[in-house]
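S.K.: Letter by letter, the chains look like this.
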Amino acid sequence: MNDLASLDAFQADKAEPIDNIMQQIAEHKGCGTSGGSGKASCGSSAGAGDMPPEIWEKVKNHPCYSEEAHHHYARMHVAVAPACNIQCNYCNRKYDCANESRPGVVSEKLTPEQAAKKVLAVASAIPQMTVLGIAGPGDPLANPGKTFKTFELIAEAAPDIKLCLSTNGLALPDHVETIKKFNVDHVTITINMTDPDVGAEIYPWVFWKHRRVTGKEAAKILTDRQLQGLEMLTANGILCKVNSVMIPGINDSHLVTVNREVKSRGAFLHNIMPLISAPEHGTVFGLNGQRGPSAQELKALQDSCEGEMNMMRHCRQCRADAVGLLGEDRSAEFTTDKIMEMDVSYDLASRQAYQEKVEEQRVAKVEARNEKLKELAGEESDIKILVAVATKGGGLINEHFGHAKEFQVYELSAGGAKFVGHRRVDLYCQGGYGEEDSLETIVRAINDCAAVFVAKIGHCPKEDLIKAGIEPVDQYAHEFIEQSAIAYFKDYLARVKTGEIEHVVRGDADIRQGAYAPV
Amino acid sequence: MAYKIVASQCTSCSACEAECPNVAISEKNGTFVINPKKCTECIGYFDVAQCVAVCPVENTCVIDTSYPRYQAPA
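In order, the protein sequences belong to chains S and P. FYI, my numbering numbers position 368 of the first sequence as 368, with every residue one higher than the one before it. If you want my numbering, it's the 1-based position in the second sequence plus 1000.
No lab work stands behind these hints, which were simulated from the structure alone. Since this is a predicted model, take the numbers as computed values, not measurements. Take the hints with a grain of salt, since some may be wrong.
In silico BS3-like cross-links for lysine-lysine, where the CA-CA straight-line distance does not exceed 25 angstroms [what the hints assert, rightly or not]:
#1 S/Lys-94 - P/Lys-1028
#2 P/Lys-1004 - P/Lys-1038
#3 S/Lys-384 - S/Lys-490
#4 P/Lys-1028 - S/Lys-338
#5 S/Lys-180 - S/Lys-162
#6 S/Lys-384 - S/Lys-372
#7 P/Lys-1038 - S/Lys-209
#8 P/Lys-1028 - S/Lys-117
#9 P/Lys-1004 - S/Lys-209
#10 S/Lys-58 - S/Lys-149
#11 S/Lys-392 - S/Lys-456
#12 S/Lys-490 - S/Lys-467
#13 S/Lys-94 - P/Lys-1004
#14 S/Lys-392 - S/Lys-60
#15 S/Lys-149 - P/Lys-1028
#16 S/Lys-338 - S/Lys-149
#17 S/Lys-384 - S/Lys-462
#18 S/Lys-372 - S/Lys-357
Hey, can you work out the whole structure from these sequences and the hints?
M.R.: Given below as structure tokens:
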């Protein structure tokens, strides 16, 4: 495959920005601050043993708050909140495509009554669906009537479902009391800056007190309201996640400061996401050529903020009407027309029975990992590698290479296996791309990985991967990811020691823009 | 005069509906429309027309010149 040769040029392009970020990391030296509630000892990837029981109880089956949970539990968003009160340069409300997946995009909006019925329909069909979020497509708190009516109806009909919402924060301080009243115990605030100079480049305007406010003044109002809202929520014991969009050259270095600011105000989790800015989306950033970060730039920034703050790396930047496990979208099965025809009976007992099974599998997975981890004890090596995993969920290596729409990425070191991200490789909606290019796309997406774990892989892609320096591994088919990854890494170190293989530092990888195809 | 919504541009986000002090805006056939008989261009309420200020698409809430300029009651 000749195209693979062009990867060298691709890596060279991306080299300089990484150096910049490494410099920032060196200057920053971790995000720990003396403020706030002390060390939140609950990594987003952590399990029950690493966090206070009351927090674990809140996050253990919330796929967006717990990396560990996202392998097992599903969420859904209902698009009841179309209006927005600010304008962001990465958002274009005009654009909608059913095959497009990103925040702010939705195919049909729902009334609160339709939304409640949809939730029951999905909860009955997908028993591991534990979380209902309202994330737009506008801002939930710019549509408070619809948002809270929806919560009220769902709390009545399906009291076991966790409620959460995601907001830009402008209206947040006005609604904290209501959020508390409806037992919404997870709130996500998108905070891209705390410096109005930076904000002026991201937000053209906010609608505030019956005026359209622009420039630095707008950004100042927004950041003040966001931080005030965050403080109010955490003071009320509501778990807060902060989302930040990483926009290279605009707020990438500044996000280290944002991380410090939100941590000191008690945020539980920080989710730094790559900018999506394809020109066809028609956003300001898409049209002015603003690029998104590379995979390694994103990881470097996330690593630099990890210090004492939990970083989320499993966000799929989903649609405001997404349904299913993170990384899958089953929204097409639950359109309004289909739902209104469904005869839904909400069977709490069978949902609980199913979830108990999920818990059993989960415990087995953690035990298998911990058992394997003991074998790594005593290994002294500075070697770190990334591996890509084809999975359909459940924490298992259970997807065929050729069927994978995304790969999960784990960092392996003497300390164990750590989830550090995911890479999309689906080709749907990418005009002009055929089968010929699909392997090249995959290699670009996992080019920083030393190996790819699959349930099965064909002969041809196997050879091409080896040529690209990525080892295809199918010997752990249908086994647990972390346990297998640790076993692989142990073997990898042994092979390096004997000289059978040479450890090479891999290059950068691409973050794919655009669509997930609905299943 | 009154404001009107350019239907081809409207994202149907409903942001204007809640902001209109005259309750002049409603949804019709998937997009939002302004009832010119109720629209006061926000004169007497706000310095700027609220639908224009909150609309996410530029030049979507525009003056409809086929109606006479609104005069606030003396």
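S.K.: Each of the hints needs a verdict: does it hold here or not?
M.R.: Each hint tested on the structure:
1. For the proposed pair S/Lys-94 and P/Lys-1028, the alpha carbon gap of about 18 angstroms is at most 25 angstroms, so the pair holds.
2. Between P/Lys-1004 and P/Lys-1038, the direct Cα distance comes to roughly 12 angstroms. Compliance with the 25 angstroms bound is thereby established for this hinted pair.
3. A C-alpha spacing of about 12 angstroms is found between S/Lys-384 and S/Lys-490, which places the hinted pair at or below 25 angstroms, so the restraint holds.
4. Of the pairs offered as hints, the one joining P/Lys-1028 and S/Lys-338 holds, with about 23 angstroms between alpha carbons and a cut-off of 25 angstroms not exceeded.
5. With a CA separation close to 13 angstroms, the supplied pair S/Lys-180 and S/Lys-162 stays within the 25 angstroms bound.
6. Note on S/Lys-384 and S/Lys-372: the hinted pairing holds, with a Cα-Cα distance of about 17 angstroms set against a maximum of 25 angstroms.
7. Annotation: proposed proximity of P/Lys-1038 to S/Lys-209 holds, straight-line Cα distance about 22 angstroms (limit 25 angstroms).
8. Distance restraint check for P/Lys-1028 and S/Lys-117: the Cα-Cα separation of roughly 24 angstroms lies within the 25 angstroms cut-off, and the hinted pair is therefore satisfied.
9. For the proposed pair P/Lys-1004 and S/Lys-209, the alpha carbon gap of about 23 angstroms is at most 25 angstroms, so the pair holds.
10. Between the alpha carbons of S/Lys-58 and S/Lys-149 the distance comes to roughly 23 angstroms, so the proposed pair stays at or under 25 angstroms and holds.
11. Of the supplied pair hints, the one linking S/Lys-392 and S/Lys-456 holds, its CA atoms being roughly 13 angstroms apart against a limit of 25 angstroms.
12. Distance check on the hinted pair: S/Lys-490 and S/Lys-467 sit about 23 angstroms apart at the alpha-carbon level, within 25 angstroms; holds.
13. With a C-alpha separation of about 18 angstroms, the suggested pair S/Lys-94 and P/Lys-1004 falls inside the 25 angstroms cut-off, and the hint holds.
14. At roughly 19 angstroms between alpha-carbon atoms, S/Lys-392 and S/Lys-60 fall within 25 angstroms of each other, so this suggested pair holds.
15. Only pairs whose Cα atoms come within 25 angstroms are accepted, and S/Lys-149 paired with P/Lys-1028 is accepted, the gap being roughly 23 angstroms.
16. The straight-line distance between the Cα atoms of S/Lys-338 and S/Lys-149 is roughly 22 angstroms, inside the 25 angstroms bound, and the hint therefore holds.
17. The suggested pairing of S/Lys-384 with S/Lys-462 holds, with an alpha-carbon distance near 23 angstroms, which does not exceed 25 angstroms.
18. Distance check on the hinted pair: S/Lys-372 and S/Lys-357 sit about 23 angstroms apart at the alpha-carbon level, within 25 angstroms; holds.
When held up to the earlier numbered hints, the structure conflicts with none and fits them all.
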